[in-house]
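Starting from the known structure of chain Z, arrange chain X on it as the hints suggest.
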Amino acid sequence: MKTGAKILIESLLHEGVDAIFGYPGGTVLPIYDELYDSSLRHILVRHEQAAVHAADGYARASGRVGVCLATSGPGACNLVTGIATAYMDSVPVVAITGQVPTTLLGNDAFQESDITGITLPITKHSYLVNNAGELGKIVHEAFYIAGTGRMGPVLIDIPKDVQTDVVADPETVPEKVSIRGYQPTVRGHPKQIEKAVSMISGASRPVIYAGGGVIASGGDAELMRFAETMMIPVTTTLMGLGAIPAHHPLNLGMLGMHGTQSANYAVTECDLLIAVGARFDDRVTGKLESFAPNAQVIHIDIDPAEIGKNKAVDLPIVGDVRQVLKEINLKLTEKRVQSPWNDRLAEWKSQSIQPPAVDTGLLTPQYIVRTLSDLLTDSGIIVTEVGQNQMWAAQHYSFTRPRQWITSGGLGTMGYGFPAAIGASIACPDKTVVDIAGDGSFQMNIQELATVVQYNIPVKIMILNNQYLGMVRQWQELFYDRRYSYTELPSVDFVGIAKAYGVPGICVTDPADVKDALRQSLTCDGPFLLDFRIEREENVMPMVPAGAAINEMILGDKR
Amino acid sequence: MKPHTISILVENRPGVLSRVAGLFTRRGFNIESLAVGTCEEPGMSRITAVVIADDEIIEQVKKQLNKLINVIKVSDITYIDHVAREIALIKVSAEPGTSRAEVMQLADNFRARIIDVGTRTVVLEVTGDTVKIDALEKLLHQYGIKELVRTGKIAMPRGSKTVSPRK
Chain Z
1 MKTGAKILIE SLLHEGVDAI FGYPGGTVLP IYDELYDSSL RHILVRHEQA AVHAADGYAR
61 ASGRVGVCLA TSGPGACNLV TGIATAYMDS VPVVAITGQV PTTLLGNDAF QESDITGITL
121 PITKHSYLVN NAGELGKIVH EAFYIAGTGR MGPVLIDIPK DVQTDVVADP ETVPEKVSIR
181 GYQPTVRGHP KQIEKAVSMI SGASRPVIYA GGGVIASGGD AELMRFAETM MIPVTTTLMG
241 LGAIPAHHPL NLGMLGMHGT QSANYAVTEC DLLIAVGARF DDRVTGKLES FAPNAQVIHI
301 DIDPAEIGKN KAVDLPIVGD VRQVLKEINL KLTEKRVQSP WNDRLAEWKS QSIQPPAVDT
361 GLLTPQYIVR TLSDLLTDSG IIVTEVGQNQ MWAAQHYSFT RPRQWITSGG LGTMGYGFPA
421 AIGASIACPD KTVVDIAGDG SFQMNIQELA TVVQYNIPVK IMILNNQYLG MVRQWQELFY
481 DRRYSYTELP SVDFVGIAKA YGVPGICVTD PADVKDALRQ SLTCDGPFLL DFRIEREENV
541 MPMVPAGAAI NEMILGDKR
Chain X
1 MKPHTISILV ENRPGVLSRV AGLFTRRGFN IESLAVGTCE EPGMSRITAV VIADDEIIEQ
61 VKKQLNKLIN VIKVSDITYI DHVAREIALI KVSAEPGTSR AEVMQLADNF RARIIDVGTR
121 TVVLEVTGDT VKIDALEKLL HQYGIKELVR TGKIAMPRGS KTVSPRK
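Quick note, the sequences are listed as chains Z and X, same order. Just so we're aligned, residue 1 is where the first sequence starts under the numbering used here, counting upward by one. Just so we're aligned, residue 1 is where the second sequence starts under the numbering used here, counting upward by one.
Looking at chain Z on its own, in the form it has when it is part of the complex:
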């Protein structure tokens, strides 16, 4: 005899969950009562949005499914942005919400909202549980759906009476999940793979365009083997950073709106584009007609719906990136040597604009990120907020391995970074987790300072503070004649705020102090906040204006 709440907790433990992020409320009281005696670790956040971002950060850092818990109505609604964030970046998250009792469902009861309805377009799947006996099976299915195929968030909405119902004979949970309408294709079609191999062997100017799918599938080693065997240069999307080490000779860097010159030129001039776990997002392609205009396209993706969605493809291969690359590698026996194409790209790479140096006397974000990168190397996990801070981090941190880079790519969610960093730190306590933040984004979930103090979560917060909503200001500068409409933010004493919550911090204004401040932050045992007062009107360059071709970059000044 077990209650629904007990079945839920036992099911979570059965799935190997070690931590959940949540916030209590009326309709999840039975679950919280079960949690009280359970071995499951619960992290109390200060806003439900932080719970889901933390679960998302946990999932991205560890590769496991992240779990969050919220009450009905406002609690559930506060999850929406985070669920959408996870959906856009294909992150495995299981979101559990309380719901009003089934007897009140649909009555506009206190704190009722139709959360399965609200989240329909932003979940991979969802459940409204109406029978406690099914809970075990549903949880097992939800984890399976979230963590397989093209991963994504799954919502389980549990009415309060289902949590308290006592079940004598719960439905047995089969070890292997079998869902008739859900059978992701993992292995690529052998004929297609053969065709790909011949296209690859025949290309003279090939480029690999690697996305988040490489990270999600754990396909980085196969990708490297593939690229090195055939001497194919690799450009990655924002989500694909870390799929190939930053300093690898074949790495062209990121492509797209804030991509490198070498990557954008390479894609424009290639004769074969091999898209691997990437989805031709508009921030990557710019003007679609000018994206890889002379190239044949091979597209490898586990989600058939991504193939041909934005860009016509010559050869589709549906399957898990790691599996497909493995099959391709088995067929590529002859190693290729350096070609004129490689030489040309190397030349472009050497001509790319350099980041501002330290001796300008100005406190620039590029210098700060590079210094952090030198200090942390591959022992760090970099989480970002959204905006200029995110792009400077993407451009100037040298990522050496997958899951080292955690950022909201698809939805571009401000306020994501700090709570996601909390999740990453819980998932990987042996790693140094740094939230590279903007002053605007950080203020969107600043209340989580209380959480890091309560559990002594050693997240390092690094605010690149320009007292602007910097990316919007940059667009206003470039495209709206410097009319800074509501993008200026008054100065905030972040160190004072951190101190009020119990987090130590330093404000840095002089470039000469950057290294010491970073060192102090990294060697501190607990959370730490750094407030870098950077050059206020520094821009993210290069930049492709929205709607332009990706080789039509604004390069900015060559300092």
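Fair warning: there could be bad hints in the mix.
Said to hold, decoys possible - Straight-line C-alpha distance at most 25 Å; calculated PhoX-like pairs for lysine-lysine: (1) Z/LYS191 x Z/LYS326; (2) Z/LYS191 x X/LYS63; (3) Z/LYS137 x X/LYS138; (4) X/LYS73 x Z/LYS137; (5) X/LYS63 x Z/LYS195; (6) X/LYS67 x Z/LYS176; (7) X/LYS2 x Z/LYS309; (8) X/LYS63 x Z/LYS311; (9) Z/LYS309 x X/LYS62; (10) X/LYS2 x Z/LYS311; (11) Z/LYS311 x X/LYS161; (12) Z/LYS309 x X/LYS73; (13) X/LYS67 x Z/LYS309; (14) Z/LYS309 x X/LYS161; (15) X/LYS62 x Z/LYS191; (16) Z/LYS311 x X/LYS62.
Unchecked claim - Label-pair distances were calculated between CB atoms; the ranges are: (17) X/TYR79 x Z/LYS195: 20 to 30 Å; (18) X/PRO165 x Z/ASP169: 26 to 36 Å; (19) X/ASP108 x Z/ASP114: 48 to 58 Å; (20) X/TYR79 x Z/VAL166: 39 to 49 Å.
To be verified - A short list of chain Z residues far from chain X (calculated; beta carbon distances all over 12 Å): (21) LEU44; (22) ARG64; (23) HIS125; (24) LYS195; (25) MET231; (26) HIS248; (27) SER352; (28) SER398; (29) GLN454; (30) GLN476; (31) ARG482; (32) GLY502; (33) ASP513; (34) GLY526; (35) MET543.
Quick caveat, the hints were computed from the structure, so don't treat them as lab data. Keep in mind it's a predicted model, so treat the numbers as computed, not measured. We treat Cβ as the ideally placed atom computed from N, Cα and C, and that holds for glycine.
Frame of chain Z; chain X shown alone:
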């Protein structure tokens, strides 16, 4: 852009129809008709959707539908030989005298049945493909259509071919 007839086999569970319908709206696919009912498989329903779009969009519609966990099979039967029907109930002004006789004559020609007769109206029930119902509707306009209800199209392949999943 032409009408495509898509047959969708789904699990008969709460919320499935709204998942399917919601997918059409939020992705901007223009849906012409949607008919749903139980089918030969226990626990399943079949949805017939008519979508007006070019082939490329239809490909995307099918792929997106296939991603839904409760969707078992999606078949575009536009280009395979199939039978299709819908039912319309049409309430027409039919004043006693000439116009009533004319309406009844028309109904007869279209093999429509008169299922209700009022003092100043009749209700016709007509079954057929979309073109036939459109034609009758057009002809009845001159008498004054008071109310019209159509079921939306249902369809299945001719002969031994089916859109059932392979067993």
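Cross-check of the supplied hints:
1. Z/LYS191 x Z/LYS326: Holds, at about 15 Å.
2. Z/LYS191 x X/LYS63: holds (21 Å)
3. Z/LYS137 x X/LYS138: violated (54 Å)
4. X/LYS73 x Z/LYS137: The hint holds at about 23 Å.
5. X/LYS63 x Z/LYS195: holds (23 Å)
6. X/LYS67 x Z/LYS176: holds (20 Å)
7. X/LYS2 x Z/LYS309: holds (20 Å)
8. X/LYS63 x Z/LYS311: holds (15 Å)
9. Z/LYS309 x X/LYS62: holds (12 Å)
10. X/LYS2 x Z/LYS311: holds (22 Å)
11. Z/LYS311 x X/LYS161: violated (34 Å)
12. Z/LYS309 x X/LYS73: holds (20 Å)
13. X/LYS67 x Z/LYS309: holds (14 Å)
14. Z/LYS309 x X/LYS161: Not OK: Z/LYS309 and X/LYS161 at ~30 Å, beyond 25 Å, violated.
15. X/LYS62 x Z/LYS191: With a Cα-Cα distance of about 23 Å, the restraint between X/LYS62 and Z/LYS191 holds, given a limit of 25 Å.
16. Z/LYS311 x X/LYS62: holds (17 Å)
17. X/TYR79 x Z/LYS195: 20 to 30 Å: holds (26 Å)
18. X/PRO165 x Z/ASP169: 26 to 36 Å: holds (32 Å)
19. X/ASP108 x Z/ASP114: 48 to 58 Å: Given about 49 Å between the Cβ atoms, the range holds.
20. X/TYR79 x Z/VAL166: 39 to 49 Å: The hinted range 39 to 49 Å is violated for X/TYR79 and Z/VAL166, with Cβ atoms some 55 Å apart.
21. LEU44: The claim stands: Z/LEU44 keeps its Cβ more than 12 Å from every Cβ of chain X (closest is about 32 Å).
22. ARG64: holds (21 Å)
23. HIS125: Z/HIS125 is in fact no farther than 12 Å from some Cβ atom of chain X, at 4 Å.
24. LYS195: Correct as stated: the minimum Cβ-Cβ distance to chain X is 20 Å, above 12 Å.
25. MET231: Consistent with the label, Z/MET231 stays out of reach of chain X, its closest Cβ about 34 Å off (over 12 Å).
26. HIS248: holds (34 Å)
27. SER352: holds (37 Å)
28. SER398: Z/SER398 clear of chain X: closest Cβ-Cβ about 36 Å, beyond 12 Å.
29. GLN454: holds (37 Å)
30. GLN476: Fine: 30 Å to the nearest Cβ keeps Z/GLN476 off the interface.
31. ARG482: holds (36 Å)
32. GLY502: holds (44 Å)
33. ASP513: The assertion about Z/ASP513 holds, with a minimum of 50 Å to chain X.
34. GLY526: The claim stands: Z/GLY526 keeps its Cβ more than 12 Å from every Cβ of chain X (closest is about 42 Å).
35. MET543: holds (29 Å)
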